[in-house]
Each structure stands twice: as structure tokens, then as C-alpha cells.
Amino acid sequence: MADIQSEIARLTELRRQKQAEFDRDANQHVTRWDGALQDRLMREIADLDLQLDRLAEEKSEADFRNVPMRAAQTRKAPRTLTQSERTARAEVLKRHPELPDSILDAPATTFDLLLLNDSAKARIEALERTVATLSESAAEGLKYAGVWQRQLAYSRGTLVTFKGTLWHANADAAGIEPGDGKAWTMVVKTQR
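First residue of the sequence shown? That's 1 in our numbering, and the numbers climb one at a time after it.
Derived from the structure by calculation, the hints contain no laboratory data.
Treat the hints with care, as some may be off.
Stated by the list, open to error - Here are the simulated lysine to aspartate or glutamate pairs, EDC-like style, with alpha carbons at most 20 Å apart:
(1) Lys143 x Glu128
(2) Lys18 x Asp39
(3) Lys59 x Asp47
(4) Lys182 x Asp172
(5) Lys59 x Glu13
(6) Lys18 x Glu7
(7) Lys18 x Glu61
(8) Lys121 x Glu98
(9) Lys163 x Glu177
(10) Lys121 x Glu91
(11) Lys143 x Asp172
(12) Lys18 x Glu44
Start from the sequences and build out the full structure, keeping to the hints where you can.
Written as C-alpha cells, this is what we have:
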């Protein structure tokens with residue numbers, strides 16, 4: 001990289017000198033123009049321009065190739081794990097025997113992703129159970145069983161009227177009066 005930069009500087013200076021020589025010769029020989037010298041200097045300047053362009057491209061490519069290396073050189077070394085972090089990782093390793101033992105020494109971000117994945121799986125399973133339960137409820141549908149009677153058993157999802165108010169059975173309820181406990185939820189309250 002330094003070689004390319006020094007060569008660019010050398011060629012830039014040489015081009016500047018050739019251009020100055022060309023301009024000086026053109027000014028001295030306004031009346032007696034030396035075409036051969038002018039043509040030679042113009043070719044040399046054009047050659048220098050081509051070399052400078054080629055070197056500039058090489059420098060750009062070298063800069064591009066060195067970007068990841070520079071980023072890797074500036075990266076901080078991973079911190080040492082505490083004993084509690086190593087213990088937590090060992091617990092995860094017990095739950096996931098498919099993971100390599102090297103996970104104990106993995107960078108925090110990698111391990112955090114695994115924990116997040118573990119947590120996400122648990123949440124997804126819980127949501128799937130909830131969806132299944134709701135689907136079952138929807139399949140059963142709501143049914144109105146009329147005015148509540150103590151001697152009847154009501155299944156979850158049943159609607160009854162009690163003291164002029166509409167109630168929903170949250171669970172199977174036999175002998176439980178609407179409004180007592182969590183078995184019933186008020187749906188519509190009447191105005192008196």
C-alpha cells in the first residue's frame with residue numbers, strides 16, 4: 001500500500017515537471033515552435049496520466065481489500081466470562097445436547113442468540129397451546145342455555161341469564177352462581 005502511494009507521488013511530481021517543461025517550451029518558442037519536442041512531451045504526459053490512473057485503481061482495490069482487515073484489527077477481545085455466566089451456559093448445554101461444548105466459550109452475542117432462541121421456542125409453544133384452546137372454544141361455539149338454574153351443570157362457553165344479566169361460563173360450572181368466583185364473567189349488565 002505504501003509502495004503504491006509513493007509511486008503515485010513520484011509519478012505526479014514527474015507529470016508536473018513534464019507539464020512545466022511543455023509550457024516553458026511553448027512560451028519560449030511562440031515564433032519558432034518545436035513540434036517534435038512538444039509531441040514527445042505530450043506523449044510522456046499522456047503515458048504518465050495512464051500510469052497514474054492504473055495506480056489509482058490499484059490503490060482503490062487495495063483499500064477495499066484492507067477494510068475488513070482494519071475492522072478485525074480494531075475489534076475488542078472478548079471479555080472473560082464470570083462463573084455464573086459459565087454455569088448458565090452449562091445449563092443451556094444440558095437442555096440442548098446437540099450444541100457443541102465449545103458454546104461455553106462462545107462470544108456473548110452468539111450465546112445470547114441461543115438463549116433468545118430458547119426463550120422464543122417456549123413462547124411459541126405457549127402461544128400454540130393458546131391458539132389450540134381458542135380454536136377448540138370457537139369450534140364448540142357459544143350456546144345460550146336460558147335462565148341460570150342451580151341444579152344444572154354448565155359447560156365452558158355457555159351463556160346464561162341471571163338476575164337480568166348475561167353471563168359467560170369460563171369453565172365447567174355446576175352449582176356455582178354467576179358472580180361467585182372466577183367460573184363466570186359478566187357479558188352484559190342490565191340497567192335497572
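Taking the hints in turn, this is what the structure says about them:
In summary, the hint linking Lys143 to Glu128 is not supported, as the alpha carbons are separated by about 25 Å, beyond the 20 Å threshold. Our distance criterion of 20 Å between C-alpha atoms is met by Lys18 and Asp39, whose separation comes to about 12 Å. Simply put, Lys59 and Asp47 have alpha-carbon atoms about 18 Å apart, close enough for the 20 Å limit, and the pair holds. For the hint pairing Lys182 with Asp172, the CA-to-CA distance comes to about 11 Å; that is within 20 Å, so the pair holds.
Using a Cα cut-off of 20 Å, the hinted pair Lys59 and Glu13 holds, with the two alpha carbons roughly 18 Å apart. Only pairs whose Cα atoms come within 20 Å are accepted, and Lys18 paired with Glu7 is accepted, the gap being roughly 16 Å. For the hint linking Lys18 to Glu61, the alpha-carbon distance of about 28 Å lies beyond 20 Å, and the restraint is violated. For a cut-off of 20 Å, the pair hint linking Lys121 to Glu98 stands: about 16 Å separates their Cα positions.
In summary, the hint linking Lys163 to Glu177 is supported, as the alpha carbons are separated by about 11 Å, within the 20 Å threshold. With a C-alpha separation of about 16 Å, the suggested pair Lys121 and Glu91 falls inside the 20 Å cut-off, and the hint holds. Between Lys143 and Asp172, the direct Cα distance comes to roughly 13 Å. Compliance with the 20 Å bound is thereby established for this hinted pair. Pair hint Lys18 plus Glu44 holds up; C-alpha atoms about 8 Å apart against a cutoff of 20 Å.
Violation of the numbered hints given earlier is confined to hints 1 and 7; the remaining hints are satisfied by the structure.
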